[in-house]
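Residue numbers (full-length UniProt numbering), protein chains in the order written: chain A, 1 to 193; chain B, 1 to 193.
Hints in this document: simulated from the structure, not taken from any laboratory.
Incorrect hints may appear among the rest.
[Stated by the list, open to error] Footprint (simulated), chain B over chain A, 3 or more residues, beta carbon under 8 Å:
1) 36-48
2) 124-133
3) 138-148
4) 171-179
Note that beta-carbon positions come from the ideal geometry of N, C-alpha and C, so glycine has one too.
So you can see what is in the structure, the chains are spelled out below.
2 protein chains.
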Amino acid sequence: MDNTDTKIHGGGGETSLRQEDESDSDNKSGMRSAEAILRLLPVILCVAALVLMLKDSETNEYASLSYSKLGAFRYLVHANGICAGYSLVAAIIAAMPRPITMSQAWTFFFFDQVLTYLILGAGAVATQVLYLADKGDTTITWSSACDSFGGFCHKATASVVITFIAVLCYALISIISSYKLFTKYDAPLSTHL
Amino acid sequence: MDNTDTKIHGGGGETSLRQEDESDSDNKSGMRSAEAILRLLPVILCVAALVLMLKDSETNEYASLSYSKLGAFRYLVHANGICAGYSLVAAIIAAMPRPITMSQAWTFFFFDQVLTYLILGAGAVATQVLYLADKGDTTITWSSACDSFGGFCHKATASVVITFIAVLCYALISIISSYKLFTKYDAPLSTHL
Numbered sequence: 001m002d003n004t005d006t007k008i009h010g011g012g013g014e015t016s017l018r019q020e021d022e023s024d025s026d027n028k029s030g031m032r033s034a035e036a037i038l039r040l041l042p043v044i045l046c047v048a049a050l051v052l053m054l055k056d057s058e059t060n061e062y063a064s065l066s067y068s069k070l071g072a073f074r075y076l077v078h079a080n081g082i083c084a085g086y087s088l089v090a091a092i093i094a095a096m097p098r099p100i101t102m103s104q105a106w107t108f109f110f111f112d113q114v115l116t117y118l119i120l121g122a123g124a125v126a127t128q129v130l131y132l133a134d135k136g137d138t139t140i141t142w143s144s145a146c147d148s149f150g151g152f153c154h155k156a157t158a159s160v161v162i163t164f165i166a167v168l169c170y171a172l173i174s175i176i177s178s179y180k181l182f183t184k185y186d187a188p189l190s191t192h193l
Numbered sequence: 001m002d003n004t005d006t007k008i009h010g011g012g013g014e015t016s017l018r019q020e021d022e023s024d025s026d027n028k029s030g031m032r033s034a035e036a037i038l039r040l041l042p043v044i045l046c047v048a049a050l051v052l053m054l055k056d057s058e059t060n061e062y063a064s065l066s067y068s069k070l071g072a073f074r075y076l077v078h079a080n081g082i083c084a085g086y087s088l089v090a091a092i093i094a095a096m097p098r099p100i101t102m103s104q105a106w107t108f109f110f111f112d113q114v115l116t117y118l119i120l121g122a123g124a125v126a127t128q129v130l131y132l133a134d135k136g137d138t139t140i141t142w143s144s145a146c147d148s149f150g151g152f153c154h155k156a157t158a159s160v161v162i163t164f165i166a167v168l169c170y171a172l173i174s175i176i177s178s179y180k181l182f183t184k185y186d187a188p189l190s191t192h193l
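Produce the complete structure using the sequences and hints provided.
This is the structure in structure tokens:
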């Protein structure tokens, strides 16, 4: 299981051992910083999407519309809030200069997967509501709302686009955490070359 | 990288080598069958969800409603069709008695991830439309459609529930394919214990 250790101890004399340890340490800190930055990015994106949506309300002569009137947008706000909070905690833990344990790797893997699905679902339903608000659906007598609430729809669209950039970050993060988890295991018998 | 090979050649005499090869071969075929079955399950689920939705139409004295009138349900039908087709091909390839190559592992990994996101998104938007069709939204004057089209809503709900069971299968499949891919790699330097 511990391939890197085997390799380091298997390499030449004490000098080469020290050199490998140094480059190992450099690599470690480089990878840690890269991961911490990638985990901080969704914090900014989710907070931006959340604030945009929270401040999104419009009143015209007929009615007043705000994000809280639509279930999908409320879900988007909650999902963005949860993701921002989790990403911040995860970034701090990932930045700590200590080796990751097996249970930490599993925890990261689990939550990264769940939150990727959560934020993707939130982005998808919000996109669907925006589409209906823009086009309407005559068969079931849903009229277009964006004709009367143009500003509201624009802000909501911006929030959804930012959410989807956060989804991309999360997809990447969940690949990284599954890489970090599963490289700790041996190859299954059915896949060895 | 090739941990299993090292282990087999490292073990005792020729007899133990043959025994290990036999149990290796049994394990291989067991894992292959399990994976093939897990990949066949979404074929059945997706086809069931697809057929239910395709046959879902209702006419009353006011209007006629079918899945094709709602963008989200059309997307659900397409997503289910794509997933059923992919899962069938993937199950056949996974069942073949030969070792998986690196490029195959990457291909499975990539498509499993993408299709998990695709079918999750389809399930999410369809759920959102069902929610709106059931409750309506008075602020933007969208009336409830399920009062007049109860049968349509019930069938659509069944289709969406089946889709979400397929999503669970896909989430599991994408974990398995990332396990099979990443166990082929060495542990990154920053995570070794």
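Hints that the structure is at odds with (numbers, increasing): 1
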